[in-house]
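Chemist: So the chains spell out like this:
2 protein chains.
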Amino acid sequence: MYISKSFIPILKNSPSEAKIKSHKLMLRVGMIKQSSAGIYSWLPLGFKVMKKIEKIVREEQDRIGAQEILMPTIQSSEIWKESGRYEDYGDEMLRIKDRQDREMLYGPTNEELVTDIFRSSIKSYKSLPQLLYHIQWKFRDEIRPRFGIMRCREFYMKDAYSFDVNDEEALFSYNKFFLSYLKTFKRLDLTAIPMAADTGPIGGSLSHEFIILAETGESKIFTDKRIFDLNSDGTRLEKKSLDDLRKKYEQFYSVTDEKFNKEEFEKKVSESNRLKTKGIEVGHIFYFGDKYSKSMGASVDLPGGKKDFVKMGSYGIGVSRLVGAIIEAKYDEKNEIMKWPISVAPYDVSIIAMINKNDTSSLDRANRIASELEKSDIQSIIDDTDENISSKIKKMNLIGAPFQIIIGKQAEADLIEFKELGKESQKINLTTIIKIIKEQKVIN
Amino acid sequence: MYISKSFIPILKNSPSEAKIKSHKLMLRVGMIKQSSAGIYSWLPLGFKVMKKIEKIVREEQDRIGAQEILMPTIQSSEIWKESGRYEDYGDEMLRIKDRQDREMLYGPTNEELVTDIFRSSIKSYKSLPQLLYHIQWKFRDEIRPRFGIMRCREFYMKDAYSFDVNDEEALFSYNKFFLSYLKTFKRLDLTAIPMAADTGPIGGSLSHEFIILAETGESKIFTDKRIFDLNSDGTRLEKKSLDDLRKKYEQFYSVTDEKFNKEEFEKKVSESNRLKTKGIEVGHIFYFGDKYSKSMGASVDLPGGKKDFVKMGSYGIGVSRLVGAIIEAKYDEKNEIMKWPISVAPYDVSIIAMINKNDTSSLDRANRIASELEKSDIQSIIDDTDENISSKIKKMNLIGAPFQIIIGKQAEADLIEFKELGKESQKINLTTIIKIIKEQKVIN
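Residue numbers (this note's numbering), protein chains in the order written: chain A, 385 to 828; chain B, 385 to 828.
These are computed hints drawn from the structure, not numbers from a lab. Some clues are possibly wrong.
[Said to hold, decoys possible] Distance windows between CB atoms, simulated:
no.	chain 1	residue 1	chain 2	residue 2	range
1	A	Lys-643	B	Asp-743	23 to 29 Å
2	B	Lys-389	A	Gly-806	25 to 31 Å
3	A	Gln-763	B	Thr-769	40 to 46 Å
4	A	Gly-806	B	Pro-687	40 to 46 Å
5	B	Lys-624	A	Asp-617	58 to 64 Å
6	A	Gly-689	B	Lys-389	52 to 58 Å
7	A	Gly-689	B	Lys-396	40 to 46 Å
8	B	Ser-625	A	Asp-617	53 to 59 Å
9	A	Lys-643	B	Ser-508	40 to 46 Å
10	B	Lys-507	A	Arg-658	49 to 55 Å
11	B	Lys-389	A	Ser-625	33 to 39 Å
12	A	Gly-468	B	Ile-820	53 to 59 Å
[What the hints assert, rightly or not] If you want the ones that stay clear, here's a sample from chain A, every Cβ over 12 Å from chain B, calculated:
no.	residue
13	Lys-417
14	Lys-435
15	Glu-462
16	His-518
17	Glu-526
18	Leu-659
19	Ser-746
20	Ala-754
Predicted, not measured: the structure shown is a model, and the values here were computed from it. Virtual Cβ for every residue (Gly too), placed ideally from N, Cα, C.
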């Protein structure tokens with residue numbers, strides 16, 4: 385892809401309306417464009433990143449046996465009246481009247497709708513567990529949308545729902561998502577820490593937020609530093625193994641300010657391990673038992689012949705929000721260098737060629753390299769404009785392909801100037817370059 | 385995947401509320417569930433098919449150089465007032481007031497929004513052409529939604545937009561989509577014929593609908609039979625070649641009733657070639673020049689220093705509608721056999737095993753076969769229930785994997801009963817089965 389033909393409208397300077405670095409970068413490099421307050425269009429660069437995040441989220445849902453469905457954005461108010469949340473939800477719910485004057489709404493979440501689907505489909509404990517998820521646009525009519533896509537009104541989210549016959553099985557489902565989330569964020573090259581959290585308008589008794597550290601985060605967090613050394617390696621999709629994983633994390637104090645208790649914090653965490661900082665919520669999981677199944681009558685036949693309400697949990701990941709969260713975590717604003725994790729990078733390599741009028745040799749070379757990379761499934765973007773090399777490098781540092789190839793005047797026969805962002809450049813041949821990039825892609 | 389664990393709620397009988405066969409089958413086999421009038425949730429089986437269609441649509445857009453973006457579902461009324469369509473659009477537009485009392489709407493189409501994106505991003509003819517597309521949910525508040533997802537309110541659509549410097553280039557873009565549509569529908573195993581059409585509320589001077597034949601279709605069509613023998617083989621992405629393709633199709637009379645002229649029909653088409661029938665619209669392309677760019681001020685600098693409004697076209701494919709259209713075209717309702725084209729089938733093979741209590745040998749064999757198929761990237765679904773073979777076959781005929789493997793009592797050592805839907809079954813070994821299926825997958 386030539387940058388001159390791509391739809392990447394780059395601004396010379398940081399836009400003044402943006403306050404946090406993800407919002408600044410996304411506007412500056414043409415990842416998004418605001419269409420109205422808190423509502424954005426995703427331009428090709430932003431779209432590519434979001435789609436790659438979506439794919440990873442999807443794969444990790446599939447891996448724990450969740451099945452993908454797709455619920456509509458517009459819902460009827462009726463099911464929300466059944467659950468009792470229609471009035472409770474307040475002004476953040478976008479309420480709509482259709483041409484027949486029926487009360488509709490733009491779904492801010494889907495507990496009611498998925499419970500309605502479940503109750504009309506599943507009748508027996510034999511069909512349990514059921515883990516259903518979808519990835520869909522949602523709308524919350526924020527009174528003061530801000531920070532770009534981090535606190536916007538229309539956002540893209542994965543939400544999953546589990547249905548089980550009893551508490552024990554339901555916690556098994558909950559723990560599957562707990563593991564799935566740790567794996568998802570790891571593949572995005574984020575260190576997301578599960579923290580005990582309040583359940584808020586979803587309700588229920590058990591809940592974890594997954595938080596990444598970021599100075600611009602909206603959540604205050606209080607945690608034992610040692611939790612950052614943990615990982616989910618070796619955990620299997622079995623009750624005991626998942627239970628051990630939860631316990632391993634829960635041995636360390638780690639809460640958001642809603643659950644913060646100073647005394648407890650100081651008692652449980654030695655001074656040298658205390659960390660008070662800010663973070664961004666990128667996922668949230670809830671166990672709420674029969675809160676919705678009871679009010680909406682979602683029950684199954686049990687082995688003995690009795691019936692019982694199914695036990696449910698719900699599990700959210702902000703897919704569009706993650707684009708911003710990764711920028712908050714990775715963007716070196718001072719040096720204006722964004723290095724996307726290769727798993728979600730819009731391009732793997734940027735090819736920066738020094739173009740002279742009347743001399744197409746650098747561009748020809750760039751094209752040959754790009755087509756060789758393509759054969760190894762490595763995506764590149766070529767800067768084919770006649771700007772000078774240093775402004776091209778600056779631009780590519782913002783676009784954020786993790787690798788750069790620079791084709792200057794004195795190109796040597798087989799050696800290519802190759803650089804991983806943030807590291808020294810080296811002169812190596814194309815075969816070695818391909819090997820380095822492919823290795824990185826496999827790891828992530 | 386075991387059918388007992390999958391979320392495929394199958395009904396014993398055809399639901400009475402459905403009038404056309406796609407609606408009947410989709411409800412019966414649990415592809416969709418209505419959530420309110422004209423609004424549906426997509427359950428796993430329907431979702432799989434829709435996603436496969438979406439992928440093919442996407443690939444054929446990418447192939448002509450279109451770039452993917454994603455515009456939001458909720459739009460501000462302001463841009464629609466600029467174009468003059470806000471009042472014109474009538475009651476089918478779902479109008480919304482947000483909590484600040486701003487006039488919003490759920491996008492029924494995106495000419496305004498994409499023009500707004502274009503005008504703020506592209507300033508010079510040098511960056512043209514630009515072909516942008518997105519695949520997004522849209523809403524049209526039909527007064528009488530019916531026929532399931534064929535005439536519903538919330539629907540999934542690919543819409544693309546082209547921006548060019550003059551009419552000649554704009555027609556080149558138009559013709560690229562013309563080709564792309566023929567290829568897309570061919571990959572879906574549909575014979576879709578381009579027909580001269582009215583432009584309706586989109587406006588403009590040139591338009592083609594792509595129609596597939598179906599008795600339940602809402603469009604009356606009048607056509608020269610010989611048009612069905614044409615194809616786009618050998619067409620290249622060059623002006624002359626694309627022009628020839630258009631001419632090849634346009635030599636034959638082929639219109640919907642809006643454009644029908646009896647005298648012309650009878651003059652141009654000999655009696656033996658006349659075909660009057662019904663069809664389903666699956667795509668629609670428009671050329672409308674500067675209709676939106678003029679009213680919304682989207683201009684570019686020309687080579688000489690002057691400015692001119694860009695010339696635009698728009699190009700829609702109903703992605704969710706195609707699920708129904710394929711059923712209308714392929715479902716043998718009398719014999720209750722749905723054979724999905726392998727390019728979009730929810731599963732490639734259904735494995736129907738005769739299960740006896742206390743004897744798991746058939747199921748074990750099914751599992752082994754499924755895991756061998758998996759290695760060749762062939763997706764299967766195993767019926768692991770204890771129903772009898774004939775009711776299992778009936779069920780699988782509705783689910784519609786194009787191939788079936790039947791594991792009965794007297795399983796022979798290496799030979800497996802294998803059947804392509806609608807053909808005779810044969811006893812062959814697994815290697816041959818894999819070869820047959822893989823060949824089919826490559827063709828499509």
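Chemist: So, for every hint listed, does it hold in this structure?
Modeler: Hints, one by one, checked against the model:
1. Lys-643/A - Asp-743/B: 23 to 29 Å: At 54 Å between Cβs, range violated.
2. Lys-389/B - Gly-806/A: 25 to 31 Å: The hint (25 to 31 Å, Cβ to Cβ) is violated, given that Lys-389/B and Gly-806/A are roughly 46 Å apart.
3. Gln-763/A - Thr-769/B: 40 to 46 Å: 45 Å, holds
4. Gly-806/A - Pro-687/B: 40 to 46 Å: With a Cβ separation near 42 Å, Gly-806/A and Pro-687/B satisfy 40 to 46 Å, so the hint holds.
5. Lys-624/B - Asp-617/A: 58 to 64 Å: 59 Å, holds
6. Gly-689/A - Lys-389/B: 52 to 58 Å: 23 Å, violated
7. Gly-689/A - Lys-396/B: 40 to 46 Å: 22 Å, violated
8. Ser-625/B - Asp-617/A: 53 to 59 Å: Since the Cβ atoms of Ser-625/B and Asp-617/A sit about 55 Å apart, the hinted range of 53 to 59 Å holds.
9. Lys-643/A - Ser-508/B: 40 to 46 Å: At roughly 55 Å between Cβ atoms, Ser-508/B and Lys-643/A fall outside 40 to 46 Å, so the hint is violated.
10. Lys-507/B - Arg-658/A: 49 to 55 Å: With Cβ atoms ~53 Å apart, the hint holds.
11. Lys-389/B - Ser-625/A: 33 to 39 Å: Given about 21 Å between the Cβ atoms, the range is violated.
12. Gly-468/A - Ile-820/B: 53 to 59 Å: 55 Å, holds
13. Lys-417: It is violated; Lys-417/A is separated from chain B by about 6 Å at its closest Cβ, not greater than 12 Å.
14. Lys-435: 8 Å, violated
15. Glu-462: Label violated. Min Cβ-Cβ 8 Å, cutoff 12 Å.
16. His-518: 8 Å, violated
17. Glu-526: 9 Å, violated
18. Leu-659: 37 Å, holds
19. Ser-746: 19 Å, holds
20. Ala-754: 15 Å, holds
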